[in-house]
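Participant: Construct the complete structure from the given sequences, taking the supplied hints into account.
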Amino acid sequence: MKKFEEKTVNKDVLYEGKIITLQVEEVELPNGKTSKREIIKHPGAVCVIAVNGEGKLIMVEQYRKAFERSILEIPAGKLEPGEEPIITAARELEEETGYGCDRLVHLQSFYTSPGFADELVHVFEAKGLYKIENAKGADEDEFVELHEITLEEAEECVADQRIFDAKTAYAVQYLRLQRILREQAESKLN
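The UniProt record's numbering applies: residue 1 is where the sequence shown begins, and numbers increase by one.
Treat the hints as calculated values from the structure; they're not laboratory data.
Just so you know, even glycine gets a beta-carbon here, dropped at the ideal spot from N, CA and C.
Hints may contain errors.
Label-pair ranges, simulated between beta-carbon atoms [claimed, not checked]:
#1 T34 with D160: 39 to 49 Å
#2 E186 with L29: 48 to 58 Å
#3 G55 with I19: 30 to 40 Å
#4 F110 with E6: 34 to 44 Å
#5 D12 with G115: 16 to 26 Å
#6 S35 with Y15: 19 to 29 Å
#7 G17 with A169: 25 to 35 Å
#8 K127 with T150: 36 to 46 Å
#9 L181 with F67: 25 to 35 Å
Simulated pairs of lysine-lysine, DSSO-like, Cα-Cα distance not exceeding 27 Å [unchecked claim]:
#10 K78 with K131
#11 K136 with K18
#12 K65 with K18
#13 K167 with K127
#14 K131 with K56
#15 K18 with K36
#16 K56 with K7
#17 K18 with K188
#18 K136 with K167
#19 K33 with K18
#20 K56 with K41
#21 K65 with K78
#22 K7 with K65
#23 K41 with K3
#24 K136 with K78
#25 K167 with K65
#26 K78 with K3
#27 K3 with K56
#28 K33 with K11
#29 K33 with K7
#30 K3 with K33
#31 K136 with K56
#32 K2 with K36
#33 K41 with K131
#34 K65 with K127
#35 K56 with K33
#36 K18 with K56
#37 K65 with K41
#38 K56 with K11
#39 K2 with K41
Facilitator: Next up, the structure:
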């Protein structure tokens, strides 16, 4: 894949924050010319698809300043330095929802915006969900409200843009596909 490689000739860090770093890189293109790339460096994140014993998807409602509104999301959070994604997933599930699980299954990892950011999100599915007494709770600068909704309600939330982010839309589509596959398998048995 080196065919289209862009070699960095100069890098300027414009901003270094608590979560992201913004840098501008001057790159040499495959044709020998140069160009600039604005890049956001991010530590990575996780998200958790969690369905309770009643078949309801565990969601949190949270205000997102970038959108200037609240949206429904699956539990998620950023990786701490040196932290394995599965540890982050367990921590975020507990902190944001008060739930724990018997195990976490890694489903997929994807880049959120590869044109300008290196944020890699690891998607997990929680198996064996249970409520935790005296759960840690959300960080002091996070204000979230727990919602437990059916798949059909989640699909309505996607349609009316109460669910408005890629990771959560992915979760809803994943659950719909799992239901279709389960129904197909059951119909073959009958």
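Participant: Now tell me, hint by hint, if it's right for this structure.
Facilitator: Cross-check of the supplied hints:
1. T34 with D160: 39 to 49 Å: holds, 46 Å
2. E186 with L29: 48 to 58 Å: Roughly 54 Å apart at Cβ, these two residues keep to the hinted range, so it holds.
3. G55 with I19: 30 to 40 Å: The hinted range 30 to 40 Å holds for G55 and I19, with Cβ atoms some 34 Å apart.
4. F110 with E6: 34 to 44 Å: Since the Cβ atoms of F110 and E6 sit about 21 Å apart, the hinted range of 34 to 44 Å is violated.
5. D12 with G115: 16 to 26 Å: holds, 19 Å
6. S35 with Y15: 19 to 29 Å: holds, 21 Å
7. G17 with A169: 25 to 35 Å: Given a distance of about 27 Å, which is inside 25 to 35 Å, the answer is holds.
8. K127 with T150: 36 to 46 Å: violated, 19 Å
9. L181 with F67: 25 to 35 Å: holds, 33 Å
10. K78 with K131: Within the cut-off at roughly 23 Å; holds.
11. K136 with K18: holds, 22 Å
12. K65 with K18: holds, 16 Å
13. K167 with K127: holds, 18 Å
14. K131 with K56: With Cα atoms ~14 Å apart, K131 and K56 stay inside 27 Å; holds.
15. K18 with K36: Distance of about 24 Å is within 27 Å: holds.
16. K56 with K7: Given pair K56, K7 is violated - Cα atoms ~48 Å apart, limit 27 Å.
17. K18 with K188: It is violated: about 53 Å lies between the C-alpha atoms, which goes past 27 Å.
18. K136 with K167: The given pair, whose Cα atoms are some 24 Å apart, holds under the 27 Å limit.
19. K33 with K18: violated, 34 Å
20. K56 with K41: Given pair K56, K41 is violated - Cα atoms ~35 Å apart, limit 27 Å.
21. K65 with K78: OK: K65 and K78 at ~17 Å, within 27 Å.
22. K7 with K65: violated, 35 Å
23. K41 with K3: holds, 24 Å
24. K136 with K78: holds, 17 Å
25. K167 with K65: holds, 18 Å
26. K78 with K3: violated, 32 Å
27. K3 with K56: violated, 46 Å
28. K33 with K11: This hinted pair holds, its Cα atoms lying about 16 Å apart.
29. K33 with K7: holds, 11 Å
30. K3 with K33: holds, 15 Å
31. K136 with K56: Holds, at roughly 22 Å.
32. K2 with K36: holds, 19 Å
33. K41 with K131: violated, 35 Å
34. K65 with K127: violated, 32 Å
35. K56 with K33: violated, 54 Å
36. K18 with K56: Violated, at about 34 Å.
37. K65 with K41: Cα-Cα ~20 Å, so holds.
38. K56 with K11: Since the Cα atoms of K56 and K11 sit roughly 47 Å apart, the hinted pair is violated (cutoff 27 Å).
39. K2 with K41: Holds, at about 21 Å.
This entry does not satisfy hints 4, 8, 16, 17, 19, 20, 22, 26, 27, 33, 34, 35, 36, 38, going by the numbered hints stated previously.
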